[in-house]
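S.K.: These protein sequences, in sequence, are chains A and B. Sequential numbering of the first sequence, starting at 112, is according to the numbering used here. Sequential numbering of the second sequence, starting at 396, is according to the numbering used here.
Treat the hints with care, as some may be off.
[Claimed, not checked] Estimated spans, in silico, between C-beta atoms of each pair: (1) Gln425/B - Val284/A: 35 to 43 Å; (2) Gly565/B - Arg240/A: 50 to 58 Å; (3) Ala164/A - Phe413/B: 26 to 34 Å; (4) Ala117/A - Gly625/B: 48 to 56 Å; (5) Tyr314/A - Arg626/B: 57 to 65 Å.
No lab work stands behind these hints, which were simulated from the structure alone. Even glycine gets a Cβ: it sits at the ideal position worked out from N, Cα and C.
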Amino acid sequence: MGGFIARRLLQGLVLLVLVATVVFFLGRLTGNPVDLMLPEDATGEDRARLIRALGLDGSLLRQYLTFIGSALQGDLGTSLRMRQPAVDVFLSRLPNTLAIIPWALLLAMLVGIPLGVVAALNRGRFLDRAAGTIAVLGIATPSFWLGIVLIFFFSVELGWLPSGRMGGPAHYVLPVITLSSFLTAGFMRLTRSSMLEVLESEYVKLARIKGLSESVVIWKHCLRNALIPVLTLWGVFVGNLITGAIVTETVFAWPGVGRLTYEAVIYRDFPLLQAVIILKAILILCINLVVDILYAYVDPRIRLT
Amino acid sequence: MPWLSALVILTMLCMAVFAPLLAPHSPIDQTLRDKLLPPFWFEDGSSKYLLGTDAFGRDILSRLIYGARVSLIVAALALTVGGGVGLLIGIVAGYMGGIVESILMRLVDAAFTFPAILFALLLAVTMGQGLGTLVIAISLLLWASFARIIRGEVLALKQRDFVALAKVRGCSELRIMLTHILPNVLNTFMVLVTLNIGVVIIAEAALSFLGAGIPPPTPTWGLMVSEGRGRIAEAWWVSLIPGLAITALVLSVNLFGDWLRDRLDPRLRQL
Numbered sequence: 112m113g114g115f116i117a118r119r120l121l122q123g124l125v126l127l128v129l130v131a132t133v134v135f136f137l138g139r140l141t142g143n144p145v146d147l148m149l150p151e152d153a154t155g156e157d158r159a160r161l162i163r164a165l166g167l168d169g170s171l172l173r174q175y176l177t178f179i180g181s182a183l184q185g186d187l188g189t190s191l192r193m194r195q196p197a198v199d200v201f202l203s204r205l206p207n208t209l210a211i212i213p214w215a216l217l218l219a220m221l222v223g224i225p226l227g228v229v230a231a232l233n234r235g236r237f238l239d240r241a242a243g244t245i246a247v248l249g250i251a252t253p254s255f256w257l258g259i260v261l262i263f264f265f266s267v268e269l270g271w272l273p274s275g276r277m278g279g280p281a282h283y284v285l286p287v288i289t290l291s292s293f294l295t296a297g298f299m300r301l302t303r304s305s306m307l308e309v310l311e312s313e314y315v316k317l318a319r320i321k322g323l324s325e326s327v328v329i330w331k332h333c334l335r336n337a338l339i340p341v342l343t344l345w346g347v348f349v350g351n352l353i354t355g356a357i358v359t360e361t362v363f364a365w366p367g368v369g370r371l372t373y374e375a376v377i378y379r380d381f382p383l384l385q386a387v388i389i390l391k392a393i394l395i396l397c398i399n400l401v402v403d404i405l406y407a408y409v410d411p412r413i414r415l416t
Numbered sequence: 396m397p398w399l400s401a402l403v404i405l406t407m408l409c410m411a412v413f414a415p416l417l418a419p420h421s422p423i424d425q426t427l428r429d430k431l432l433p434p435f436w437f438e439d440g441s442s443k444y445l446l447g448t449d450a451f452g453r454d455i456l457s458r459l460i461y462g463a464r465v466s467l468i469v470a471a472l473a474l475t476v477g478g479g480v481g482l483l484i485g486i487v488a489g490y491m492g493g494i495v496e497s498i499l500m501r502l503v504d505a506a507f508t509f510p511a512i513l514f515a516l517l518l519a520v521t522m523g524q525g526l527g528t529l530v531i532a533i534s535l536l537l538w539a540s541f542a543r544i545i546r547g548e549v550l551a552l553k554q555r556d557f558v559a560l561a562k563v564r565g566c567s568e569l570r571i572m573l574t575h576i577l578p579n580v581l582n583t584f585m586v587l588v589t590l591n592i593g594v595v596i597i598a599e600a601a602l603s604f605l606g607a608g609i610p611p612p613t614p615t616w617g618l619m620v621s622e623g624r625g626r627i628a629e630a631w632w633v634s635l636i637p638g639l640a641i642t643a644l645v646l647s648v649n650l651f652g653d654w655l656r657d658r659l660d661p662r663l664r665q666l
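This is chain A alone, in the form it adopts within the complex (with noise of 0.2 Å):
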C-alpha cells in the first residue's frame, strides 16, 4: 500500500510539473509575458522596471528555474487587477466553489444512478428509452444555457428562486441544479451499462436459483458491483465539475474559483489565469489522490495495476 501511495504521488507531481511548464511556456509564447502583465496604458519606464524585478532579463532557462522556484515557495505572482497574491484570492474564492460541488455530486448521483438502474431493468422498453432520452438531452444542452434557462423561468417568470449571488439554500437550487445536469447524465449512462454487465454474470444467476427475492438481488447483489466502475470515475467527475463551475458560477454571478477564472481571461489577468491552472491542478491531483487510494483500500485489485 505505501508502495503504492508513493508511485502515485510521484505521478502527480510529475503531472503538476509539466502543467506548470507548459503554463510558463504559453506565456512565453507571444514573446515577453510583461506585455500581458502592464495595463494598457503603462510607459516604457514600467515596462523596463517590471522585466527588472521579476527577473525577465535573464535567459529563458533562468526565467523558468525562477518561476518554479518561487512557485515552490507559494508565490504565483500578483493578480493585475486586485493587486494581490494570486494565491491569496484563490484561496479566499475557494470555499465558494466547495460549497456547491458536493451538492451537486450528490444531485447527479441521487438522480442518476437509480435512473440507470430503471433503465437496465427496462432494457428496451419504454422506460429504457425515456431515462435514455434525459440523458441525451442532458449532454447536448449546454450548462452556461441551461443556466439562463433555469433563471428565466423560475426567477423571472415565476419569481420562486433568486437569479444569482450567495446566500440562503434558496441561492444554491438553480447552480446545483446546472452544475449536476452534465454528470447526472453520465452517471446513468454508466451505471446502465455497468448494471446491464452484472445482470447478465454469474453469482446473479446464483443468487436467482437460490431464491433469493428480485429486489434484494436488483439492490444488493447487482448494484452494488456496478457500482465499483462507476465511481472510479469520481475523479474524473470532479474534475469535470471544477471546469463546469467557469460557466455555471459565470451564469449565477457565484464569487467562487470558477468565476475567478472568468474574470481572470475577461480582464486579461494573465498572473491570476496562470495561477488559478496550477492551484485547480492541485485541486484536482489531490482529490484524485485521495480517491485512488480510497480504491486500492476497498478493492486490493487496484493496488496491483
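Please arrange chain B on chain A, whose structure you already have, making use of the hints.
M.R.: Same frame as chain A, now just chain B:
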C-alpha cells in the same frame, strides 16, 4: 429517427454554406431604432425581423444563420487537427509499443486528468482570440480520447496475419503503419469524428460564452447567448434562441452519430 436528425444537420449545413443568400439582414450592422424587438409572433414583433433583434438592433435570425458558419468551420477544423493528431499518436503508440508507447500513453493519461478547457482559456489570453487559437484549444480537448481508442484498435490489428506477412515481405515500419494499419482504423476514426462533433460544438460555444472564442462582432451562438443574458427579463429571445440552436444541432449530431456507430462499428457501443 436518423431522418429527423439528418434534416436538422442538413438545415444547419445549408445555413452555414449559403449564409449570405439566406440571411435577410446583415449580421453585424446595427439599427439602434429597432433594438430589442420580439419575434414576429408577439404583438409588437415585426415581420421584418422574424426572430426579433438584440440590444444593438441586429437581426437575430441573420446572426443565427451566420453563427452556424462559425460552429461548423470550427468543428471541421478542430476535428481534423485534434482527431488527426490523436489518430497519428494512436497508430504510432499501438504499433511501435515499448518505450514510445509508454511515453505517449502517459501523456494521454495526463491529458485526461487535466481539463483541457483551462489551457484553452490560457491560450485565448496569451495568443489572443481568433480562429487559430480556438482550433488549437479545442484540438487539445480531443486528441487524447482519439489516441486511446485508436491505439486499442491497432493493438488488435498488429496480431493479424496480414501485418506479419507484410513484415516477412520486408515492408518498412512506416509503410506497414500507412498502408496496412491506417486504412483499417479509418472506420473507427470516422465513428469517433461523428461522436465528437457535439463535444466540439459545445466547447466552441462555451469558450465564446466565456469571452475566449472568435472575437465580436462576428456572430457565434455562444457569444449571442452571452450577450443576451443580462437582459433575460425584458428580451429572453436574444439569449434563449441561439441556445436552442446549439442544443438542436448537438442533439441531432449525437443521435445521428449513435445511429452511424451502430451501423458501422457496433463494438464501439460502450463508449
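S.K.: Evaluate each hint against the coordinates.
M.R.: The hints, checked one at a time:
no.	hint	verdict
1	Gln425/B - Val284/A: 35 to 43 Å	holds (38 Å)
2	Gly565/B - Arg240/A: 50 to 58 Å	holds (54 Å)
3	Ala164/A - Phe413/B: 26 to 34 Å	violated (55 Å)
4	Ala117/A - Gly625/B: 48 to 56 Å	holds (51 Å)
5	Tyr314/A - Arg626/B: 57 to 65 Å	holds (58 Å)
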